[in-house]
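**Student:** The chain contents come next:
There are 4 protein chains.
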Amino acid sequence: MGKRIGVMTGGGDCPGLNAVIRGVVFAARARGWEVLGVEDATSGLVDLEYRSPHGNRWLTCDDVERILTRGGTILGSSNKSDPFKFVTIRDGERVETDVSDRVMENFRRLGLEALVSIGGDGSMRIAQRLCDKGMPIVGVPKTIDQDLACTDYTFGHHTAVQTATDAIDKLQDTAESHDRVMLVEVMGRDAGWIALHSAIAGGAHVCLLPEIPYRLEPIVRRVQERQARGYPFSIIVVAEGARPVAGEQSTAGPRELGAMVKLQGAAQRLAAELQPRLGLDVRTTVLGHLQRGGSPTQFDRILGSRFGVRAVELIEEGRFGHMVALKTPEIVSVPIADAVSRPNLVDPESQLVKAARACGVEFGE
Amino acid sequence: MGKRIGVMTGGGDCPGLNAVIRGVVFAARARGWEVLGVEDATSGLVDLEYRSPHGNRWLTCDDVERILTRGGTILGSSNKSDPFKFVTIRDGERVETDVSDRVMENFRRLGLEALVSIGGDGSMRIAQRLCDKGMPIVGVPKTIDQDLACTDYTFGHHTAVQTATDAIDKLQDTAESHDRVMLVEVMGRDAGWIALHSAIAGGAHVCLLPEIPYRLEPIVRRVQERQARGYPFSIIVVAEGARPVAGEQSTAGPRELGAMVKLQGAAQRLAAELQPRLGLDVRTTVLGHLQRGGSPTQFDRILGSRFGVRAVELIEEGRFGHMVALKTPEIVSVPIADAVSRPNLVDPESQLVKAARACGVEFGE
Amino acid sequence: MGKRIGVMTGGGDCPGLNAVIRGVVFAARARGWEVLGVEDATSGLVDLEYRSPHGNRWLTCDDVERILTRGGTILGSSNKSDPFKFVTIRDGERVETDVSDRVMENFRRLGLEALVSIGGDGSMRIAQRLCDKGMPIVGVPKTIDQDLACTDYTFGHHTAVQTATDAIDKLQDTAESHDRVMLVEVMGRDAGWIALHSAIAGGAHVCLLPEIPYRLEPIVRRVQERQARGYPFSIIVVAEGARPVAGEQSTAGPRELGAMVKLQGAAQRLAAELQPRLGLDVRTTVLGHLQRGGSPTQFDRILGSRFGVRAVELIEEGRFGHMVALKTPEIVSVPIADAVSRPNLVDPESQLVKAARACGVEFGE
Amino acid sequence: MGKRIGVMTGGGDCPGLNAVIRGVVFAARARGWEVLGVEDATSGLVDLEYRSPHGNRWLTCDDVERILTRGGTILGSSNKSDPFKFVTIRDGERVETDVSDRVMENFRRLGLEALVSIGGDGSMRIAQRLCDKGMPIVGVPKTIDQDLACTDYTFGHHTAVQTATDAIDKLQDTAESHDRVMLVEVMGRDAGWIALHSAIAGGAHVCLLPEIPYRLEPIVRRVQERQARGYPFSIIVVAEGARPVAGEQSTAGPRELGAMVKLQGAAQRLAAELQPRLGLDVRTTVLGHLQRGGSPTQFDRILGSRFGVRAVELIEEGRFGHMVALKTPEIVSVPIADAVSRPNLVDPESQLVKAARACGVEFGE
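Chains as they are written, first to last, in our numbering: chain D, 1 to 365; chain E, 1 to 365; chain R, 1 to 365; chain F, 1 to 365.
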């Protein structure tokens with residue numbers, strides 16, 4: 001008789017989640033297994049009656065046949081469903097409880113024999129802990145930012161970089177016609193992959209990463225050197241986690257600046273600092289959630305589909321505590337513990353960063 | 001012998017400007033006329049040596065053959081080149097001078113017999129005044145916001161609405177998967193056309209326009225009514241000029257809020273007000289300059305091309321002081337004075353707004 | 001008590017059909033009416049048990065909330081369901097029967113008080129005949145080709161032209177880099193609107209329409225004149241219904257050519273004729289069904305939504321036998337009989353065609 | 001003093017060619033080298049006066065600054081410029097001559113010290129032979145089809161697959177709404193990578209590759225099994241080099257079919273065979289040159305840029321007779337001889353093909 005397995009998606013949105021779900025369902029159903037779609041990350045396991053908007057449900061191939069093209073996740077997701085620190089509001093207070101035993105119990109009551117957990121760094125850590133408690137889990141790495149180690153790429157990243165590149169293309173037109181300095185803030189709190197990739201692809205002139213603290217002087221110099229050559233416009237890509245080298249940032253300033261620094265992001269802060277130093281209009285665009293939505297690119301659909309299929313094979317092989325990973329051109333498996341032991345950051349001395357410098361990208365060094 | 005005419009683009013960026021320039025050049029060259037591309041709005045007429053990055057230049061069909069697909073304007077533009085209040089920086093001070101006589105003089109020195117001025121409300125007013133001084137000008141209306149009267153559509157608006165609609169499509173995915181309220185701020189300080197059109201096209205649940213001051217209560221009700229029906233997500237489109245009805249906005253508040261209100265836009269302000277009233281994540285995206293760039297849609301390329309061709313015909317017919325306009329399906333001409341006498345605003349009782357209401361769009365009334 | 005109405009979609013695919021259905025359902029449900037979605041055009045009325053893949057079903061706002069972005073029609077469609085000549089296969093033979101009485105009877109059995117018929121020329125003629133038999137019908141015009149009279153635009157056309165323009169943009173790159181003549185065949189058997197609009201928007205050099213029979217000589221001249229000026233590439237847009245002037249086409253020729261003429265379309269035929277006359281590579285692309293699919297543009301979503309809402313108002317006003325139409329900027333109603341009395345063809349002497357000529361488009365005249 | 005190098009592009013069009021050129025120019029100019037852009041593959045070396053439309057020219061960073069977004073190649077290309085079999089037309093006859101000595105001589109006269117040859121299989125073979133004659137060449141692999149060995153990916157392939165996937169997405173809408181079998185023919189004469197990748201990404205039901213000869217029976221079964229389950233539509237992706245197993249194809253048939261088989265491609269042939277066996281409408285779309293044009297995806301822009309930069313490093317390192325290649329995540333170098341010794345074909349037993357089968361793709365086996 002076939003197995004019963006569960007599949008769930010955790011953490012922030014990422015194009016390609018539905019491709020993974022589809023791959024899992026197709027591969028499992030072909031083996032005669034049943035697949036429970038668990039709603040809103042572990043929420044559906046914490047409370048079997050949980051419902052928002054659908055609740056847990058058994059998935060057929062027909063249910064997932066046409067979801068490949070859609071952003072988001074048909075299972076819903078949540079950032080607040082760590083079963084070891086489950087958040088509830090009691091008497092207006094936010095309370096964190098360890099409900100992992102209840103999750104283990106519900107998992108057994110559902111008759112599940114394995115769980116595919118699709119998620120990022122946080123979800124993989126939770127998966128590891130549930131695994132340690134005896135739940136047979138395989139992981140599927142999901143991160144827009146590409147900050148998980150042990151895999152060449154994760155799905156969603158390509159779509160996000162494409163969205164950022166499309167935005168830079170649009171801003172180039174206006175920057176050139178109107179002699180402007182355009183700042184684009186993209187995602188990446190700790191890892192600057194989206195910024196780096198979209199800066200190269202968009203032909204940006206400056207790119208600021210969390211991994212390379214920046215100084216204002218080389219940025220100003222790059223913009224002014226362009227202006228002197230008859231190009232009074234520049235594109236600056238800023239990762240949300242980009243920050244100046246210690247001591248660089250103007251700490252003194254009016255109270256209003258203080259509020260602004262707190263309320264606003266890396267790009268708006270930089271804009272406020274650059275504007276007075278340049279004789280040019282500086283405009284800021286924050287891409288934000290646009291990078292997490294949209295129909296996935298073909299690359300992310302293929303990678304997601306392959307991840308889903310391979311996750312089912314890992315269950316068949318009994319490789320619990322492992323996650324799928326891309327080691328081009330194969331999908332391999334790696335221990336979840338290895339993947340979460342260190343983040344995947346941009347190496348400032350890597351060949352890729354050197355190629356970016358060669359293509360005229362200034363990193364504010 | 002052929003005429004000598006000039007063409008220039010003024011004001012903010014707008015997809016389709018190059019289509020107009022191309023239409024003007026093709027139509028004029030076919031008549032054996034010469035066409036001077038004037039650089040950076042009137043800058044190129046204020047100072048014949050002006051150069052950024054190109055300077056004035058005579059345009060051939062080959063120069064414009066392949067520009068139809070490109071955003072921006074090959075002639076450059078400027079918001080600071082009103083010849084009646086020309087801005088210069090003298091001793092660190094911003095000084096405004098009337099240089100219109102010099103512009104008239106330069107126009108004659110160049111041997112020009114007519115000028116095509118492509119621009120928005122401001123540019124059309126300047127065109128009218130130069131016309132009154134004796135310069136033979138025909139206008140081509142350009143406004144992302146669609147706020148110029150006397151024409152069914154202006155080029156650029158369709159592209160901007162498409163960009164906004166694409167963004168809403170992306171945000172819908174994430175909103176639905178993650179139970180979020182997504183605010184999208186689009187352009188439109190006085191006229192809410194981009195917000196209205198993209199809200200209908202994107203299937204938004206709330207749309208806030210400059211023309212319809214909003215109250216929070218119906219917005220909260222709409223979101224909560226959806227939540228109660230099992231749809232814990234909503235999309236709210238906010239024009240940058242949207243504002244609450246008098247007395248609605250929380251005036252009291254911490255100093256930080258005061259700064260925020262000043263520094264931030266309509267959507268972020270609304271988010272700060274909505275968040276505490278809803279039990280849901282509220283996220284804001286400000287589209288900003290993305291709406292002004294990008295390759296124009298087919299509609300804007302066709303409209304721009306037709307406007308350009310018709311502008312040359314107006315010169316031939318001697319209809320100076322007129323601008324081209326779309327009276328579907330024909331391109332007609334209207335006195336510039338009429339077009340700038342009143343803005344084209346959204347009528348809250350129009351058939352279009354009623355259709356939006358019928359499709360479930362709440363205007364916060 | 002509320003009315004019961006039906007809605008159905010007929011004829012070929014067209015982006016925006018779902019927007020109309022959504023508009024009908026939202027507007028009707030707001031009035032407390034019930035809306036039956038009729039499956040596969042009149043098939044669902046001919047046979048109440050008909051099912052492919054869904055069968056008739058009552059539609060709620062939730063059913064249509066998220067369909068705005070999707071191409072196709074959730075109700076299915078069919079080209080073979082004319083109730084006056086209903087096609088069935090009996091003993092391997094194709095038999096046509098008049099089942100209109102059964103359709104009338106089924107309409108009554110379902111308790112329907114009105115029907116919204118969304119379709120093209122053919123569907124509107126059927127609607128008129130059912131109306132004449134006493135069925136209270138309002139029409140919504142649907143045609144990719146824009147060949148229905150009495151309305152400024154129909155939904156779907158803008159999306160089709162955008163798809164064709166995107167294709168031309170791609171072909172321009174290769175044509176220019178590889179010195180090629182690229183033929184693009186677009187839809188339009190009798191009306192050349194898609195060809196005309198996409199030729200202007202794509203900056204094509206030649207455009208061949210059903211309304212303007214072409215001669216080879218001016219086409220060859222245009223291509224060679226470009227080559228002589230240093231542009232050894234050209235883009236030729238061909239409507240599927242384009243044809244040479246009488247006597248122009250090579251009638252003599254090998255048998256193979258005879259077969260080819262029959263099997264292949266307008267563009268491939270033209271390519272075979274042009275290739276030997278030019279010293280250049282000639283390549284053909286037939287866009288075909290790509291023009292009928294895809295997410296509708298914002299324009300088509302808005303127009304579709306408004307048509308749907310207005311159709312419900314026509315029912316309320318009792319204006320049966322009428323169809324909605326766009327008379328910019330209003331949605332009006334016109335008698336179906338007027339709309340189908342003559343096709344909407346391109347007028348070779350119209351301002352639009354003249355503007356195309358002015359922009360360098362050769363029509364082979 | 002700096003080196004003088006040349007760069008040229010050969011073979012069919014491929015999105016990302018301009019990114020490579022840009023990378024070469026940026027990296028070379030940063031070293032103080034001069035870069036000659038050679039026009040239309042080796043044409044510019046065969047005849048130093050060659051001109052179509054530009055002729056050879058020295059390239060600056062400004063020349064290539066904004067070309068990243070553009071399809072095609074600013075240097076032009078040609079399929080007819082093999083210097084060992086150079087094609088000319090003499091007295092109406094096509095004559096092939098070995099002009100390689102002249103090419104060597106011109107290379108020296110231009111003072112070039114190295115050449116970057118960007119091209120496919122054919123161009124790499126020519127590069128190898130010129131290398132053998134003493135020309136210092138480094139190669140950059142270019143192939144839409146991904147049929148060159150020794151590199152994980154080549155630029156252009158991702159864009160082509162995205163174009164094919166977008167097309168399949170559009171056809172899915174119509175197929176579903178109108179109960180149709182849609183055949184899409186994509187590029188790939190010997191290698192089925194585009195078909196395989198786009199079939200997975202587009203959620204196709206059948207995929208036919210040159211590497212897996214197909215039988216009709218499993219295709220018919222797959223379509224009918226879907227129909228029986230209530231899904232009377234299917235998407236079939238066909239590589240242009242797909243062919244039936246020996247003996248499968250109907251050889252007998254009317255003369256017209258004979259002509260058709262010769263004139264038409266793999267998809268139209270299959271359609272003619274499938275139509276009578278299925279009770280469904282079968283429609284064919286041939287994507288053709290659409291796959292070679294368009295703005296490159298971010299992936300192809302990055303890969304192209306890195307290839308260009310690395311090619312300059314290979315020159316610096318004196319690694320002539322080598323070509324750049326992607327060994328994820330690094331750009332490495334491999335002997336050209338190795339890369340052209342065998343094609344990169346789809347392995348029917350690879351993990352990727354198995355994943356496709358698991359996702360419901362039938363290969364007609």
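There may be inaccurate statements among the hints.
Repeated chains share a single entry, so a pair holds when one copy, or any two copies, can fit it.
Here are the simulated DSSO-like cross-link-like pairs (lysine-lysine), alpha carbons at most 27 angstroms apart as the crow flies [as the list claims (entries may be wrong)]: (1) K354 / K327; (2) K85 / K354; (3) K354 / K3; (4) K80 / K3; (5) K354 / K80; (6) K327 / K80; (7) K85 / K133; (8) K133 / K327.
No lab work stands behind these hints, which were simulated from the structure alone.
**Student:** For each hint, tell me whether it holds in the structure or not.
**Tutor:** Hint-by-hint comparison with the structure:
1. K354 / K327: Classified as both; 23 angstroms inside a copy, 17 angstroms across copies.
2. K85 / K354: For K85 and K354, neither the intra-copy (42 angstroms) nor the inter-copy (40 angstroms) Cα distance is at most 27 angstroms.
3. K354 / K3: Result: close only across copies, 21 angstroms inter versus 49 angstroms intra.
4. K80 / K3: This pair counts as neither: shortest intra-copy Cα distance 29 angstroms, inter-copy 46 angstroms.
5. K354 / K80: neither (39 angstroms within a copy, 37 angstroms between copies)
6. K327 / K80: Neither: 31 angstroms inside a chain and 39 angstroms across chains, both beyond 27 angstroms.
7. K85 / K133: Result: close within a single copy only, 15 angstroms intra versus 69 angstroms inter.
8. K133 / K327: For K133 and K327, neither the intra-copy (29 angstroms) nor the inter-copy (39 angstroms) Cα distance is at most 27 angstroms.
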